[in-house]
Amino acid sequence: MKFDNVALVFKKDWVEISRNWQVLFPVMVVPIVFSMILPLTMLNFPSQTGALGPLQGLFSNLPGTVKALFLNFDQRQVIFYMVAVYFFAPFFLIIPLIAASVIASDSFAGEKERRTIEALLATPVSDSEMFLGKMLVAFAAAMMSTLGSFIVYISVVDTISLGLFDGMLILPNLTWLLLIFLLAPTVSLASVGLTVTISARVKGFREAQQINAILIVPILVVVFGEAWIAVILGPVTIAGLVGVFVLADLLMFLLGVRLFNREEILSKMT
Amino acid sequence: MLGIEAVGLSKTFGSLKAVEDLSLSVPDGQVLALLGPNGAGKTTTIRMLACLITPTSGTALVAGYDVLKQPALVRRSVGVLTESPSLYERLTAEENLEFFAKAYGVTDPAERRLRISHLLEILGLWERRNDRVATYSKGMRQKLAFARAILHKPPVLFLDEPTSNLDPSSARLLREEIHSMSKREGRSILLSTHRLEDVERLADRVIILRNGKLLAEGSPHEVEGRVFAGERFEVKLKAVMPEIRDRLLGVEGVKEVYVDSGAGMLNVTCESIEDVVPRVVRKLVMDGYDVLSVKEVQGSLEDAYLKLVSNDSENVRE
Ligand SMILES: Nc1ncnc2c1ncn2[C@@H]1O[C@H](COP(=O)(O)OP(=O)(O)OP(=O)(O)O)[C@@H](O)[C@H]1O
Ligand SMILES: [Mg+2]
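Residue numbers (numbering that gives the first Met the number 0), protein chains in the order written: chain B, 0 to 269; chain X, 0 to 317.
I should point out that these hints are in silico values taken from the structure, not numbers from a laboratory. Do not take every clue at face value.
[Unchecked claim] Pair by pair, the computed Cβ-Cβ distance ranges are:
| # | chain 1 | residue 1 | chain 2 | residue 2 | range |
| --- | --- | --- | --- | --- | --- |
| 1 | B | L246 | X | P26 | 49 to 59 angstroms |
| 2 | B | L214 | X | E221 | 21 to 31 angstroms |
| 3 | B | G233 | X | G104 | 45 to 55 angstroms |
| 4 | B | R18 | X | L67 | 51 to 61 angstroms |
| 5 | B | R18 | X | E126 | 14 to 24 angstroms |
| 6 | B | L54 | X | G104 | 38 to 48 angstroms |
| 7 | X | D107 | B | T158 | 35 to 45 angstroms |
| 8 | X | R225 | B | L258 | 26 to 36 angstroms |
| 9 | B | L214 | X | P26 | 22 to 32 angstroms |
| 10 | B | M0 | X | D107 | 43 to 53 angstroms |
| 11 | X | V6 | B | F24 | 45 to 55 angstroms |
| 12 | B | F24 | X | I121 | 22 to 32 angstroms |
| 13 | B | F164 | X | P108 | 53 to 63 angstroms |
| 14 | B | M0 | X | G224 | 26 to 36 angstroms |
Just so it is clear, CB atoms sit at the ideal spot from N, CA and C, and this is done for glycine as well.
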């Protein structure tokens, strides 16, 4: 595999995407919703009612050290802390999944639809170079949107917590740093690999999106569950999950390249 | 080194035989034209040879590499003008060529820039090089796709309908370019076309396909010759009776007679005009016809082609 060629495909797709609003729009909107609009409403809402409500379940699962910390907090602070640090954590694994899904779905299916795939397939760029280049584009966009969301989110949270906790900044902590910089990338890479694999085998963008939507629902459920467990159980669990997903990424890439049947793409187009 | 050498290529899509047992060869410096009605299998043939689809059966060597066993090496050694231009609409003309030049391994930036600007220049696209392809006309896209195909100077070229969508002067420009690539630079070129002019001006050899099968093969001149199998002349009469055909077929040396009663024309194929014209005229006069004129017909590829593809009779294979 020549990395020059991977970079070549990456750069070409990157430029194309940066000029494609249909693809760019969801990549930008999703993070704004998850990092600003949702947190701002959620974080303000419980502070007014002052009830623990649906967070009760989450609360009972928290480790003793955290519960001990809460002894010094008033009710509003407890709720804010729980929502900001625990409740929103899974969303930051969802952001890269959704952001990447649009771009990854477009990767090969979009080229088929726009009838550009033939010239690409005719080049000496190898299957794995093409595949990796396209995966990395979706991945890069996903991570940019996750990082952007993360920065916006901690700004929102810390601005509020500055006043609420007497100058204390509650994010980021180690768990969140691992979540954003290790778990989000590895989870997103696996889903990108899966989506690109699908994209290479279907006829168009729409079809790729539909299959992706069907697959993503169970994945989201698992991700939500795992993310809560991970943030509650802390850094060691996250490190373990990262290990699992690194393996999954590798397998997904190899499987994707294996299933990528270059000479069948044009035969099955019509 | 042999440019293209295919043996027994076939491709089936489901139950449809798109190409059937096709063998062909294109030596260095030669142009082979594929001719045939829509759906004859020209594009499918080109795609198989360019390693874009796998043949159902048969093999081919392209630029000395096996299309089944060494597809990566084949792809590196060929340029393909695809049937649809296959250009990135959101990229500019220059960005498109830049991408493909790198993909084909033109790594030296100075060389790359030189080739790109040279091609854009001669194809008249230089002024528009920074415009996105989305804003290009059909013919401009066609020219840009052509530039992409020859950018890396491959020894073997596949050109699927290179002159379609082009105005007459652009078509001529491309023909000249193709001609010089084969004759001056020694590249092997396989092209498909619907323009018989392309074949007559460019092709060393031509293959006529119909329903995936080879109908005729040879130099354009040979194909005309084989289809009409002899020399031809036309006789214009004041009036024509249908039974004239049988009478003339009885004249020594006459091989075939077509009668166009509406126009009062006879089209006669024979071994030698010199011997047969006097005999035919004598016969016509004796039978009471008024002969208005007699004219020798130059064989044209167009006539041959039309006759071949419309004719449901036996193949005119060698
Ligand atoms: N991917 C495909 N799936 C199914 N059938 C196909 C496919 N590609 C081509 N065919 C069929 O194979 C036959 C040959 O098609 P091909 O495109 O090679 O014809 P062609 O000679 O290039 O025609 P044209 O002059 O219109 O370009 C046609 O009947 C076509 O419908
Ligand atoms: Mg065609």
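For each hint, the structure was consulted:
no.	hint	verdict
1	B/L246 to X/P26: 49 to 59 angstroms	53 angstroms, holds
2	B/L214 to X/E221: 21 to 31 angstroms	59 angstroms, violated
3	B/G233 to X/G104: 45 to 55 angstroms	50 angstroms, holds
4	B/R18 to X/L67: 51 to 61 angstroms	39 angstroms, violated
5	B/R18 to X/E126: 14 to 24 angstroms	21 angstroms, holds
6	B/L54 to X/G104: 38 to 48 angstroms	59 angstroms, violated
7	X/D107 to B/T158: 35 to 45 angstroms	53 angstroms, violated
8	X/R225 to B/L258: 26 to 36 angstroms	48 angstroms, violated
9	B/L214 to X/P26: 22 to 32 angstroms	52 angstroms, violated
10	B/M0 to X/D107: 43 to 53 angstroms	22 angstroms, violated
11	X/V6 to B/F24: 45 to 55 angstroms	52 angstroms, holds
12	B/F24 to X/I121: 22 to 32 angstroms	40 angstroms, violated
13	B/F164 to X/P108: 53 to 63 angstroms	56 angstroms, holds
14	B/M0 to X/G224: 26 to 36 angstroms	53 angstroms, violated
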